[in-house]
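> Protein chains in written order, with the numbering used here: chain A, 1 to 536; chain B, 1001 to 1106.
Simulated from the structure, these hints should not be mistaken for lab results.
None of the values given here were measured: they were computed from a predicted structure.
All the given hints hold, so there is nothing to weed out.
Capping the alpha-carbon separation at 25 Å, the derived lysine to aspartate or glutamate pairs in DMTMM-like fashion look like this:
{"no.": "1", "chain 1": "B", "residue 1": "Lys1061", "chain 2": "A", "residue 2": "Glu87"}
{"no.": "2", "chain 1": "B", "residue 1": "Lys1037", "chain 2": "B", "residue 2": "Glu1099"}
{"no.": "3", "chain 1": "B", "residue 1": "Lys1037", "chain 2": "A", "residue 2": "Glu83"}
{"no.": "4", "chain 1": "B", "residue 1": "Lys1061", "chain 2": "A", "residue 2": "Asp78"}
{"no.": "5", "chain 1": "B", "residue 1": "Lys1031", "chain 2": "B", "residue 2": "Glu1099"}
{"no.": "6", "chain 1": "B", "residue 1": "Lys1061", "chain 2": "B", "residue 2": "Asp1080"}
{"no.": "7", "chain 1": "B", "residue 1": "Lys1061", "chain 2": "A", "residue 2": "Asp114"}
{"no.": "8", "chain 1": "B", "residue 1": "Lys1031", "chain 2": "A", "residue 2": "Asp114"}
{"no.": "9", "chain 1": "B", "residue 1": "Lys1037", "chain 2": "A", "residue 2": "Glu77"}
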Amino acid sequence: MAELRLAGRPASPGFAEGAVVRLVEQKSTRISTGDSQCEAHDLKQAIKDALASISSLADRAEGEAAEMLGFQVAMLEDDALAEAAFESITQGNSADHAWRKALDAEIETYRAADDEYFRARSADLEDIRDTVLDHLSGSHAAFSVPPGAIIAARDLAPSRFLSVDWSKGGAILLSEGSPTSHVAMLARARRVPMIVGLGEIPECASSVIIVDGALGQAVVSPREDTRASFLARQSADQELAVKAAAVETQPAVTKDGTSIAVMINIAGVDDLARLDPKICDGIGLVRTEFLFGEGPHLPDEETQYRAYRRMLEWAEARPVTIRTLDAGGDKPIAGLTLDGESNPFLGVRGVRLSLQRLDVFRVQIRALLRAAAHGTLKVMVPMITAPFELDTVRALFVEEYEALKAKYISAKMPLLGMMVEVPAAALAVSTFNADFFSIGSNDLVQYTTAAGRDIGAVASLADLRHPAVLKLIELVASHGRSSGRDVSLCGDAGGDSDLIPFLLRAGVRSVSAAPSLVGRAKLAIANFSFEKAGRA
Amino acid sequence: MNAPQMSSQAPVTGSALLTNAVGLHARPSVKLTQLAKSFSSTISVSTDAAGPWVDAKSPVKIMRVKAPKGTTLYFEASGDDAQDAITALLDLVERRFDEVEGDDHG
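Pulled out of the complex, with its shape left as it was, chain A reads as follows (with noise of 0.2 Å):
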């Protein structure tokens, strides 16, 4: 079969190659007994046999591992999280029946939460009930797995993760899961490549799949040139990684002097619960849509307003360049994107979606007016093609702006730029009245070549070097020299050691990286010269 690439959010780094192991989630083939005593007794028994299981797992586990599982027994010795399936149990319902649904409210309750962490806590609360019901079914003992495994699954529960043997190597692909959850935790300890939200994982049987964690990146039947790079990569990767962390809080300088801007890309709160804001000249780019994908209603504006005012209270004075919504093309949203388009990526996408529901744009535009008093904030919009986009999105800010004061609310107007990813608009990029322009290099490199990253057998026209992107991205760098505008560019070439050369050459002084490449970036940077460059 042809090569096939996935990608999704990094939950934890390293590599892997190997075989996929699919896990398909079990029904309970459970028959009920019919009566309600027996099924409460069957029900006391299942908690009081997973307790068990659960208690000795935690015996031998250590570290956060036991912790995470002493949650699990806590939670399990409450009489409180069963009540309801005993009651449930006394109108006549089995017990497998009962304990699901009551499971399944409570863990409905974690999945509407607010906050990230508590989301998370859905994953084990879920891991509870299966454990329960596997009981119930007499099923516990069914799951098994190969050492070196690369596990597919939707999610996956901490307790199946600490009964897999991961000393020969293996990983977790995940179809939705969340970079804070237990499991992921898990994994970086015990540095198993993770990556989450990868959307619909295709069936590939038997097929060799290899895993770069820190990338979020996957390829099913990789060529061999694709499989050799990432071997090379993988052999490296431990070389840099020393190199890497020395230079990370350095400031970026070419071999002859250059100082080059490095900033980090996140898609929400939670990427920066660990990061160091030293690493960085400021967010370069931050992925809004974050907040509009996990919880079952779309997030108003107080929610949205504390989740921008964190990130700029985190840059402490650096710059926060805030992307408005990005919804469409591959990133739908249930509720806001169109379904059926013929082709998404040519379609209503970007700040196109965000004209067409000004209801759901001007409370992004409030929420981020708002934030702006809180630091330094940059408001970047996706998919600008004409003129009159940026100018209708400039006018919806000062009136939103004004109708703030009018109310003594505190705002501040950011500095408004634009995504240059659309050929048309590089092209043209003397006609926009932008405060900023920020290259997208992922879509200019796709709609230049009209090739997309995503289609395997296209991949390798979709490449940066050519010679008509290079060229946009010239002249995007030098109109921001000549008008004294900030030019950066965020896309994952941004990152990339070996197309970071070509991006120097041809202008840019800024990039923008998702923040485990910063250190390599700088690397890169730092091993470039432009003199070397000129005569080459």
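With the hints as your guide, set chain B onto chain A.
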């Protein structure tokens, strides 16, 4: 931290601000309930001085509250060791549940 109020009949009360990074989360909830269970008094906890109150010995009920960082926790205890219980619980919250900040969150 408000000093525990003592009287012969009325329950002992006290309050403290949650300042650990992740609020009243999995690990902190377990620590809090374990500590509460070491006292014979009836102990309740709330995020509002007016209630609703939940049993401080039930991790399930405490997790249902989903109290984030910055929440004020109110405690109320009745029984022989109520005074000691409140002092110990407030101390646990003030010590940020002995969590290592900046570490992975449980």
